[in-house]
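Asker: Now for the letters of each chain:
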Amino acid sequence: MNAPQPIEQTARKFMSGNEAVAQAARDAGCSVASAYPGTPSTEILEFIAAYPDIYTEWSINEKVSLEVAIGASLAGSRALCAMKHVGVNVASDALMTQTLIGAVGGLVLVVADDVGLSSSQNEQDSRYWGRFAHIPVLEPSDAQEAYEMTRLAFSLSEQFDVPVMVRLTTRICHVKGVVVNSPVEAYERKNFTKDPARYVMVPGNARKRIPLMMARDQKLSQASEAHPLNRIESGSEDCVGFVTSGAAYFHVKEAYPDAPVFKLGFSHPAPIEKIREFAATVAKLVVVEEVEPLLETELRAAGITLYGKDVLPRIGELAPQVLTPCIDKLLGKPCQDTLIETTGLFPRPPTLCVACPHLGIYYCLSHIKNTIIAGDIGCYTLGAGHPWNALDTTISMGASLSVAQGIDKGRSEADQNKNILAVIGDSTFMHMGMQGLLDITYNQGNVTVLLLDNRAVGMTGGQNAPSSGLNIHGEPTMQVDFRKLCEALGVKPERIHEVNPYELPTLFKALREEVKIKEPSVIITNQPCVLTERYSKLPPLKVDEDRCTGCSNCLDVGCPAILVQRRETVIKPNGREKQLAFVNIDTAACTGCNLCTNTCAPDAIIPAFNIDKINAVEVI
Amino acid sequence: MTAKKNSAAGNTGVVTNILVVGIGGQGIMTAADVLSQAALALGYDVKKTEVAGMAQRGGVVTSHVRFGEKVFSPAIRPGDADMMIAFEPAEALRWQSHLKPGAVAMVNDYPLKPPVVSIGLFDYPEAPLVQLAQSSVELHHFNAGEAAIELGDRRLVNSIMLGAIADHLPFPPDILEQALLNRFQRKGEALTVLNRQAFTLGRRAFNKNNYSETA
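The listed protein sequences derive, respectively, from chains Y and D.
Taking our numbering, the leading residue of the first sequence gets 466, the next gets one more, and so forth.
Taking our numbering, the leading residue of the second sequence gets 78, the next gets one more, and so forth.
Everything labelled a hint here was simulated from the structure, so no lab data went into it.
Remember, it's a predicted structure, so these values are computed and weren't measured experimentally.
The beta-carbon is built from N, C-alpha and C at its ideal position, and this holds for glycine as well.
There could be a bad hint or two in this list.
Stated by the list, open to error - Ranges between beta-carbon positions, derived for each pair:
(1) 653(Y) - 179(D): 37 to 45 Å
(2) 251(D) - 1035(Y): 55 to 63 Å
(3) 223(D) - 698(Y): 48 to 56 Å
(4) 208(D) - 1071(Y): 34 to 42 Å
(5) 207(D) - 1068(Y): 50 to 58 Å
(6) 251(D) - 647(Y): 31 to 39 Å
(7) 1004(Y) - 210(D): 35 to 43 Å
(8) 1045(Y) - 207(D): 28 to 36 Å
Chain Y on its own, in the form it takes in the complex:
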């Protein structure tokens, strides 16, 4: 997996919010950057990794990642840590105490909220963490502001002795726009200075830091009130005025270009008095914020009359087509329903790739009866979809193991004969799954664990992890040995199987054997993610139409390269109707993994010899 290259230095650059953050880190003299991959934040570190002067790492989880950045800040360097919204939940243990310590070198936490849930398990609003942890929050509205605010975040952090959060959303991270950079800063690193009263947070020391944090809150409030990032944009119509931040700002400008707007960039602590002045100048005040009514609640508590989530949706993006009907209704204007009409068209849900090594696992799981399967976060979450329907729970990183343990311990009499399984990928296992396995072995749970090792963080694009044996730059490093790791975590050696997930009979045998045994066991699969360079394609397959009986067994594999040509209904000797589906294979997509061949009784799936060698030339 090659990291994207930063584009050439020119006056006007066209870059995404993520790339702008990376460029800002470089231009601000940041020297340590860490992250765990997560949509929509992943590319930030990939872009930073292309700068040779910055130490970058894929950390094993967000807590570790933030702690690495904290250490670098205490050592006197400017440091940046990037993560998706749910990552902050993991990192929060460190964050909530680091705020008492503050920062030496500028410490910037870039958090990307997935407003609209394009690829996440929830839609939580990270701005809450700013309040909870007493740290300032900056909210850029586009890539240019992402650049400027990331630059500012480093100096604010040093000025106020506090970690600073830059809060992005999907519409900032993945939107490209024109960016103009400011001059590069040469940051002079400080040295580590021993200061246990400040850095060792035992109760006696921490107690003394709390009043300092409160005093800092006051100073930050004053700074926010006066800061140019919090500005009033006058308008020609004063029947409604908006208070808004982030991506929602441009949605408001698009929908109501003539309305006065209070644009928040330094959004926490909120400049309440400045907003109060603005409120007095408009007939109706509407707070437009994604996602939670957070600022709204604070302004109401300050006695400001306003509209917010009482007129606007509480979930998803506040795009112009969402805003307009709500605001027009508030203003008593006739509103047109501009929402997208439904076409009644089939959905196109994301699915596992052609030849994905997880296909064999889900084929087997969907053919084993009496199971309760706890899932996890990654590509294999897609196993909950068709045709497998083989996941019963998905909650958080690593939860498959501990939830399975709980299901085992909490199951009723009626569920006593159920087979409890946990499905987790290599990277998620190292992120937060190892502890769950130790809990299972320590407390003698009866769980069969499927550890799907594809040597990469698949869902976010195949980034390296300790299972890859490669670091963020693709350079060789240690490679974790899962068999040894599971043994060390207390699984008996004979209960650990390493299998090739393309060999269905072996996989079935291992699964059937292990679910029967009433103790912890681990089945490790060992084939690489097909999106990574490690994967090698084999010659493609085709269907011999004369031999295809229409049994449709191969469709249970769920490979997107298997396509139905025609359907027939036949009457079986017992009088029942049977649906037949005759298939072919998209040979241009097929990479010859042979999984489907395993499921074809009449041997109708054969090598596509008549197809020319795959054209390997790289094209657009």
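Since the structure of chain Y is already known, use the hints to place chain D on it.
Answerer: Okay, now just chain D, sitting in the frame of chain Y:
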């Protein structure tokens, strides 16, 4: 010319809205990037957005390209697209309500059916382009998928589609061609030639001015 006065955006002047739709892996985002680079080269303000969290997993991918003197929101509103480049006919149907009356729709009519259709849970529409053809939209469609395979690689569909839209843009087609070829500068002459061929093939398929230059 399909650009319009963006009435809702008041002082932002003319903004052109191009929607690029298809399926993960087809090169939607790359095509949108090439369009953006061309607009950028002309000095426009440009914003490009997509929802691509599942881009490589066969999900729906849409990319919005907006350019003009000043662009606010990156996403195109329903009913506001001046143009749509659809890499798959059912996806053209899915997004047709985003088009404004008189918009240009350039569609690759090579269908790609997802597994939920293969396993019989949903039907693929028999004639996905009928509704578009009956609307006020200026519809062009051709089998760019097959053309790409004939040229030697299905991934060339991207350059073919860009060629097809090139004569319908509010700027000269050469600007788009140059933006496309810039991507291959460091990848060698062979690729540049191949993609220029693909672009030309697309242009020939849909040029109102009987474009006949050979590659």
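Asker: Looking only at beta-carbon atoms, does the pair residue 251(D), residue 1035(Y) fall within the given range of 55 to 63 Å?
Answerer: Given a distance of about 59 Å, which is inside 55 to 63 Å, the answer is holds.
Asker: Lying within 37 to 45 Å: is that true of the beta-carbon distance residue 653(Y) to residue 179(D)?
Answerer: 60 Å, violated
Asker: Check the following: the C-beta atoms of residue 1045(Y) and residue 207(D) are separated by a distance inside 28 to 36 Å.
Answerer: 29 Å, holds
Asker: May I ask you to test the hint 50 to 58 Å on the CB atoms belonging to residue 207(D) and residue 1068(Y)?
Answerer: Given about 41 Å between the Cβ atoms, the range is violated.
Asker: State, for the Cβ atoms of residue 1004(Y) and residue 210(D), whether the hinted interval 35 to 43 Å holds or is violated.
Answerer: 41 Å, holds
Asker: Hint says 48 to 56 Å; check whether the CB-CB distance for residue 223(D) and residue 698(Y) agrees.
Answerer: 52 Å, holds
Asker: For the pair residue 251(D) and residue 647(Y), does the Cβ-Cβ distance stay inside 31 to 39 Å?
Answerer: Given a distance of about 34 Å, which is inside 31 to 39 Å, the answer is holds.
Asker: Is the hinted range of 34 to 42 Å satisfied by the C-beta distance from residue 208(D) to residue 1071(Y)?
Answerer: 40 Å, holds
The structure shown violates the earlier hints numbered 1 and 5.
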